[in-house]
Amino acid sequence: MENQKALITIYDKLYEFFGPQGWWPGRTRLEIIVGAILTQNTAWSNVEKAIVNLKLERVLSTPSAIKKMSVNRLATLIRPSGYYNVKAKRLRHFTDFLFSKYGGSLNELSMSDTGVLRRELLNVNGIGPETCDSILLYAFKRPIFVVDAYTKRLFSRHKFFDERLNYHDAQKFFMSRLPNDEKLFNEYHALIVRVGKTFCKRRPNCRTCPLYAPKK
DNA sequence: GACCAGGCACATC
DNA sequence: GATGTGCATGGT
3 MENQKALITI YDKLYEFFGP QGWWPGRTRL EIIVGAILTQ NTAWSNVEKA IVNLKLERVL
63 STPSAIKKMS VNRLATLIRP SGYYNVKAKR LRHFTDFLFS KYGGSLNELS MSDTGVLRRE
123 LLNVNGIGPE TCDSILLYAF KRPIFVVDAY TKRLFSRHKF FDERLNYHDA QKFFMSRLPN
183 DEKLFNEYHA LIVRVGKTFC KRRPNCRTCP LYAPKK
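Residue 98 in this note's numbering sits at position 96 of the first sequence; the count goes up by one each step and never skips.
Hints are computed from structural coordinates only; laboratory data are not their basis.
Don't be surprised by glycine CBs; every beta carbon is placed ideally from N, CA and C.
Hints may be right or wrong, so weigh each one.
Below 30 Å or equal to it, Euclidean Cα-Cα: the simulated DSSO-like pairs (lysine-lysine) are [as the list claims (entries may be wrong)]:
#, residue 1, residue 2
1, K143, K91
2, K103, K91
3, K199, K7
4, K70, K103
5, K69, K57
6, K70, K143
7, K143, K199
8, K103, K57
Cβ-Cβ distance ranges computed for the label pairs, FRET-style [unchecked claim]:
#, residue 1, residue 2, range
9, K103, D14, 36 to 44 Å
10, H160, G130, 24 to 32 Å
11, G117, T78, 36 to 44 Å
Kindly produce the complete structure, drawing on both the sequences and the hints.
Listed below in structure tokens is the structure:
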């Protein structure tokens, strides 16, 4: 109960300070999915360069464009996003899955039940819990709370849980205490990333953070 | 030049 | 089941 109120208070403070974030920073579902894979352990500024390259080659217009392209060519295009060889394979793994089970149609995929969708995405090599949940929340508008490095860092520093808490339990911490609201989860995660990038890095800058509350 | 960034799979113990 | 390692670019 105390934690419930605290989570909402933190949300309100972040929202008041930063305003609405309008996530995901990508237009189409395919662009969001590709961005979610490319941003794994990578700064978004690098992902943007890779996305520009993909758009110039019209690879983001349809999943079949990705499926048709050689992995080597894909890797060259996404080079600025880092880990480009593994990520090119991961993009291909996703389109392979999409074609084998849904005829290459994101619309068909979007009809799936959330539980089914989650299991199937997690089964794709290269899509782990965070990437999967980012896709569910931002590409398919499902009410799923996304946990990332910033989330664990911020809430462990504020003594809600240990930073080493596993993904599932960290996610449960939020989802069992917050209303099941896709819009709220969307904005909350985006705000956590925003405050994380701005103040809550490995070398933090807490004193000017909107969440800074000195001990009395 | 060191450190960091919106993970994940795989090897090894 | 926990822990370690490879994957790589670009910004500070």
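For each hint, the structure was consulted:
Using a Cα cut-off of 30 Å, the hinted pair K143 and K91 holds, with the two alpha carbons roughly 26 Å apart. Annotation: proposed proximity of K103 to K91 holds, straight-line Cα distance about 18 Å (limit 30 Å). For the given pair, K199 sits about 24 Å from K7 by alpha-carbon distance, which is consistent with the 30 Å threshold. Among the hinted pairs, K70 with K103 is consistent with the structure: their alpha-carbon atoms are about 17 Å apart, no more than 30 Å.
Between K69 and K57 the alpha-carbon distance is near 15 Å, which keeps this suggested pair within the 30 Å criterion. With a CA separation close to 28 Å, the supplied pair K70 and K143 stays within the 30 Å bound. In summary, the hint linking K143 to K199 is supported, as the alpha carbons are separated by about 24 Å, within the 30 Å threshold. Between K103 and K57 the alpha-carbon distance is near 26 Å, which keeps this suggested pair within the 30 Å criterion.
For the pair K103 and D14, the supplied restraint of 36 to 44 Å holds, since their beta-carbon distance comes to about 41 Å. A hinted range of 24 to 32 Å holds for the C-beta pair H160 and G130, which are about 25 Å apart. Evaluation of the 36 to 44 Å hint for G117 and T78 yields a pass: the beta carbon distance comes to about 37 Å.
Taken one by one, the earlier hints all hold for this structure without exception.
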